[in-house]
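Enquirer: Residue numbers (my numbering), protein chains in the order written: chain A, 1 to 590; chain B, 1 to 310; chain C, 1 to 306.
Hint data in this document are derived by calculation from the structure and do not stem from the laboratory.
Some hints here could point you the wrong way.
Stated by the list, open to error - Not the full set, but computed from the structure, chain C residues with beta-carbon under 8 Å of chain B: (1) 154; (2) 248; (3) 261; (4) 270; (5) 271; (6) 281; (7) 291.
Please read these numbers as outputs of a predicted model, since none were measured by experiment.
Glycine included, each C-beta is placed from N, C-alpha and C at the ideal position.
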Amino acid sequence: MEKILTVKNLSVSFQTRAGEFDAVKDVNFEIGKGETLGIVGESGSGKSVTAQTIMRLIPSPPSKIKSGEIEFLGQSLLAKTDKQMEAIRGKDIGMIFQDPMTSLNPTIKVGKQITEVLRKHQNMSSSQAKESALEMLRLVGIKNSDVRFNQYPHQFSGGMRQRAMIAIALACRPSLLIADEPTTALDVTIQAQILDLMKDMQQKLGTSIILITHDLGVVAGMCDRVVVMKEGDVVETGTTAEIFKNPQHPYTQRLLNALPRLDEPKKPKLASAKLNLDPRKPLVEVKGLKQHFNLGKGNILKAVNDISFNIYEGETLGVVGESGCGKSTTGRTILRLYEPTGGSVKFNGTDIYDLSPRKMKNMRKDMQMIFQDPYASLNPRFNIMDIIGESLDIHGLVNSRAERKKRVEELLDMVGLNPSHALRYPHEFSGGQRQRIGIARALAVDPKFIICDEPLSALDVSIQAQIVKLLEELQQRLGLTYLFIAHDLSMVKHISDRVAVMYMGKIVELAESEELYANPLHPYTKTLLSAIPIPDPEVEANKRRILLPEEHLAASQEAAATLAAKDPFNLENSQLIEVSEGHWVSQPSA
Amino acid sequence: MVRYIASKFLYMLLSLFILASATFFLMKAIPGNPFMSEKNVQPQIKERLMEQYGLNKPIAEQYLQYLGNLVKGDLGISMKYQNQEVSQRIADTFSPSLQIGIFAIVISIVVGIVLGLIAALYHRKLIDNVAMIIAVLGIAVPSFVLATLIQYIFALKLGWFDVMGFNEPSDFVLPVIALAVQPIAFIARLTRSSMLEVLNADYIKTAKAKGLNGFTIMTRHVVRNGILPVVTYVGPMTANIVTGSVVIEQIFGIGGIGRVFVDSITNRDYTMIMGVTIFYGVLLMLARFVTDILYVLVDPRIKLSGRKGS
Amino acid sequence: MSASGNNNNKNATTDVVGEPIALQQESISLWQDAWIRLKGNKVAMFSLGTLIVIILASIVGPMISAFNYYSNDLMNTNKAPSSVHWFGTDNLGRDMWVRTWMGARISLIVGLAAAAIDLIIGIIYGGIMGYFGGRVDTIMNKFSEILYSIPYLLVVILLLVVFEPGLGTIIVALTVTGWITMSWIVRGEIMQLKSRDFVLAARSMGASAGRQLFKHLLPNALGPIIVTVTLSVPSAIFSEAFLSFLGLGVQAPVASLGSMINDALTGWNLYPWRMWFPAALICLTMLAFNLLGDGLRDALDPKLRK
């Protein structure tokens, strides 16, 4: 196969205050014509630095290319002058970045941002460039391209912006496209569309692609060959099939094992240590819950729109959906962090919205929450002792400082942290450790029910697995009941007994988790499930995606508000019907 | 867009109304009447004066009449110089103040932006440090201190300019410098920090990935976004320069509105104080209004819902 | 960027779950961290030192001289600096050393008092806007916007024309609209912090409004508040000097730096020292406050923390 790019013995270091730091260590790989190469690794693995070094986009200083060679179509890229590099960037190598929200210039019309690259490299007149840019917009699947051409980025949704970025990167028909986490910031259904688009474009234009990602599922579906990186080193290289079937390096094996798979059967749950739990007794009963936000000027966002469900003692109910579907708002309203617009939530038979502030405060001991972002959920001015001890103070659960200290250390030990770190501050801990602190805080008051609001989405895969394991152990040991909110369906499947799928403030389907994945009934559930990349190249190759028009996929809360008016599934006039035992689906009422 | 402008305009009128009312009632709150201080005025004459200024009518009536006159642009008659209309006096003295003010504004914007751009481009280099030291000094030295200092050096000691007066083009130089230094310093700092932010933005990486050369990236992508915040400073800068001119005109002996204002304060010429206050108020609020509109024009992201995102 | 930050140094400890982390030997809070970074900023520390010297001198300076600030000595007017009168004398023969430090004292009192009042009103008003949000916020915010759009110095001048001039009047006049900026800073910070998960976490534990405000919101908003206060002191000092220059400041025989500069204007080409000492002192004070404010901004900025 004809080689497009060869990277040989590449080492890149950074000058930091703490001294020199090797970000990329002696990296080798190559990519052939029309091929897709995946570079996989967790944060800090040096994958992005490698990609940006190929483009020579890394500012130097602080970075330094210590050694190595990058050969592109027979020329050495590292030997090029800045001027010569300019002629290659955008023309022979295109690049797209992680966050489509910030990658486009907010004050320049989208069309002009595409023609700019054409005029630079193709010597086109402005009308030719416009013609070509419109063609490009159509090619990346943007409808009404002549209207879109004259719009600004903020008038595009996230998925459309990433399409526009692809149009820019491919406008000059480059031989190589570098995609740096191109779908990480997008919802899973939009991700599926962007990945399909990239494949489609590759077929049409014969472009080689370097796909940088942390998501092994994406790699399985997209890549011919894979490079696995860890802390600056390449630990393993091979064809996608080899890597997934027969990983050699322990790190690769660990990564693959850590990953929950949507198509794998759920492991049986350990029996709870608490014997007095009754799995038929509803601990939380949500009835007709509504949470509407007034956006001003007559726009009302129906974030949660008349939903009902029960959570039984000792179970884990998963709630999944994409951003803006109302899943987090549901969790917060159940805890009465927001006053509801309508409906009721009964906890152990008591309607919590009827409680006086004093009684509500008491009730809060029984219901706790674990938050998404372990960086934002801990007060940076408090030390760990005070963060975990705060609820003990509020509810007067300890009588002396010594008792408080003992209890906090006990909790730290319970979540697998070193109790001697109790006097340290949050910024001294890693993401996974902070999430453990958050869990310890929730456990401090000995709750019966915990809402886990996307507790994994900010963490690396290997850390995610550890946190899930901890949550499961705690549930078993303490007899906890969970409401587990997430957008990652594979993870939810494995931790939940039952799963509810939310879309635009409504529950569209609710079933036992095995049943839901084996036999999805609602069209949205089907779309969502088919969009999830499975870390198995064979499965991915044979998978058929069910696609919804992009306009139906709410990208943001405000988009959801306008979209709600369209209501593609006629949810406004639907209700949940039990079609088989325990399997509920939203169906239009006759 | 129309709604946005209309709402901004309404707010401007509301602010003006509040300023006018506050001015009126504050002046009424002064103990005694304005002619008490002039001891040798005979009671009959005083009576006649009170009559002439309408001071013996009920407050409510005076207030309505005052507002009515304001709308017509009639600011009343000076209490010190009884044959002089306030609006006429303002019109007569406006020209030198306006000329100096416009010069100072233009120079502030141009020099401030250029200084800020250079500092950002040579971030952490010598030029950056020098520019920022100048900027900090510019902010720390009060305009009237700077005015007396440059007057002392360049007019008195070196004799390059006239010490006082406002007759020839060279007389512009020192007052304009004295007025412009502080806004220059502010704009330079503002431009620099916003430029540094833009230089680190993701879309600049995109522009580089397109293969654009440094110059194009600068002119098309960086500078335009980098100087956006400067637009918001146009309003406060105008206020800064207008109030600054009050003392600068005093120091350089320029017969502008600032001079009239200071004189009227010294003489307790209340109608004149009120008149100039209202005039300044209109001027500055117009500047703010223009700023608001400019900002929408240059930044497509501002939602035209009548609120600026903060 | 993933490259920096994940720098595991050699003595990194490994905790029970096997996640390698670099915990420093010493545990430090964010305040300690900010103080360490401020100490590393030579310009800011020099400014802080300068301010301490100026404040001490304005207290001690007048005491160590044999003269007082109000006694005329018509035999010794407009004397140049000498071993008797260290800063010379003014047109009434008053000792400039004593007057300059007394003036600095007045200027500092005005600056600090105005900043303190702005701070109190700003925190209360801004805190209410930010914490309650919604309609309360809309109305209060519109009110402050309208008030702010009225040119500040014009209002102050009007007030001083109408009311008896004096130290108290000036401080009050300066704070009539001066608190608005502070209230906006507080409002913005509180609003942004309010939606942060750690505040939600406190609410989900049943923390009272007071606890949320004083334990979680305000301590985290304190950085920008401190910076704003530091920068509002010199702006109040400047405004006072400006008003004194118009003859609307403190009244004779009390002097502020601004009124001394104004007094010195008559005949200052002959007796320039009467101008230079107060002018230099006011510039130095404002410079020091501004540089200290910049340094604090850098030290307290969470984005810059490594």
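Enquirer: State for each hint whether it applies.
Expert: Each hint tested on the structure:
1. 154: holds, 5 Å
2. 248: holds, 7 Å
3. 261: Interface hint status for residue 261 of chain C: holds (7 Å vs cutoff 8 Å).
4. 270: Residue 270 of chain C check fails; min Cβ-Cβ to chain B is 11 Å, beyond 8 Å.
5. 271: violated, 12 Å
6. 281: violated, 10 Å
7. 291: holds, 6 Å
Violated hints, listed in ascending order, are 4, 5 and 6; each of the other numbered hints is respected by the structure.
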